[in-house]
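K.L.:
Quick note: the sequence shown, position 138, residue 137 per numbering that gives the first Met the number 0, numbers continuous.
You may find that some hints are simply not true.
To be verified - The calculated DSS-like cross-link candidates involving lysine-lysine, where the alpha carbons are at most 27 Å apart (straight line), are: (1) K171 - K138; (2) K169 - K88; (3) K242 - K316; (4) K171 - K88; (5) K171 - K155; (6) K90 - K136; (7) K242 - K255; (8) K48 - K255; (9) K280 - K48; (10) K90 - K79.
Hints were generated in silico from the structure; no laboratory data involved.
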Amino acid sequence: MASSNRFEYLDSIRGFAIILMVMGHAIAWNYSDWQSVVLFNSMQNNAEKYGGIIWQIIYSFHMALFFMVSGFLAINSGKKTFTEFFANKIKRLFVPWVCSFLIIYLVRGSMGYWFLLSLFQLSLIGFLLIRAIDKLKIKSLSITLFVFVTLWIAAKQIPNCELFGIEIMKFKEYLLPFCFGISLRKFDNLNNLVSSKHWIFSLCFILFSVIFVSRYFFENPKGGAFLPLLGSICVWHFFCNLKQSKVANVFQFLGKNTMPIYILHILFVIQIPAIGQFILKQNAVTSITIQLTYSLMISAIAIFWSLVLYKFLRKSKFISFCLFGE
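Construct all of the structure, not just a fragment, from the sequences and the given hints.
P.N.:
Right, here's the structure in full:
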């Protein structure tokens, strides 16, 4: 893979992921009782299962995709002192997380964007992991993956807890894709396997499909914890092999503007619960078709106006620093 394309495909991946994120919100926020529809459980009727299936696909991997890219880029942190790295993450992630609280609370009544806090936490963990691997001179992919999986299993045992209504342990759900991203950057053989070998894509896609569909037929099917990683690998492979085109350019552009889209889109996602109720009355094919069409349209509008507002807000250095970490 040519080095000139290295970060272009990462931008494309992030651009794709941010579209999925806005789509997920566009779907969920257009149901009066979104949790009864999009949060899958075996007691749902068929209409609710159809109504939430696109959301379920999106949320099975799209946030993990962000964390995998972040883990891939985290290797660069090894060149900084911890003080320099910590100060940078305070500016880039923690300050925007704190300063976006008011916007999120006023618009949605929730306690901020969990992703920024979780990424801040994982970035610090990643820095320490990378330093430890370098200090111990671990050069084996097998040993590195074993350490990461062991750490992930251990983290899952930590009980969830909240502070002032904020879930502060959510980062542990994404530790595995984040660490896998570190491994992709550190080991060229793994990167080549995921990026270039089509049989890996086929295998991961089949496993993802089987595990995802099995949730609709069996209680607690095996492998659900690996859906985020399998889906992320499929998307990673696809964009690594996507030829340059106008579509790719759009993904790259959005990927370079994920922070303002993430922070501001909440102001522009149109919410019409009547649409959700209409969808719930349709058959499976019609329901899914409307979901895709409507959520794409609403997402395009929200992303467009987010970027317009960002262009205006970034003229203020203070606002740029507070909201976007710039």
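K.L.:
None of the hints should be skipped; say for each whether it holds.
P.N.:
Checked hints:
A C-alpha spacing of about 25 Å is found between K171 and K138, which places the hinted pair at or below 27 Å, so the restraint holds. Distance restraint check for K169 and K88: the Cα-Cα separation of roughly 18 Å lies within the 27 Å cut-off, and the hinted pair is therefore satisfied. In summary, the hint linking K242 to K316 is not supported, as the alpha carbons are separated by about 37 Å, beyond the 27 Å threshold. Only pairs whose Cα atoms come within 27 Å are accepted, and K171 paired with K88 is accepted, the gap being roughly 18 Å.
With a C-alpha separation of about 6 Å, the suggested pair K171 and K155 falls inside the 27 Å cut-off, and the hint holds. A C-alpha spacing of about 31 Å is found between K90 and K136, which places the hinted pair above 27 Å, so the restraint is violated. A hinted pair counts as satisfied when its Cα atoms are at most 27 Å apart, and K242 with K255 qualifies at roughly 18 Å. Pair hint K48 plus K255 does not hold up; C-alpha atoms about 34 Å apart against a cutoff of 27 Å.
Note on K280 and K48: the hinted pairing holds, with a Cα-Cα distance of about 12 Å set against a maximum of 27 Å. As the CA atoms of K90 and K79 are separated by approximately 15 Å, the hinted pair is consistent with the 27 Å bound.
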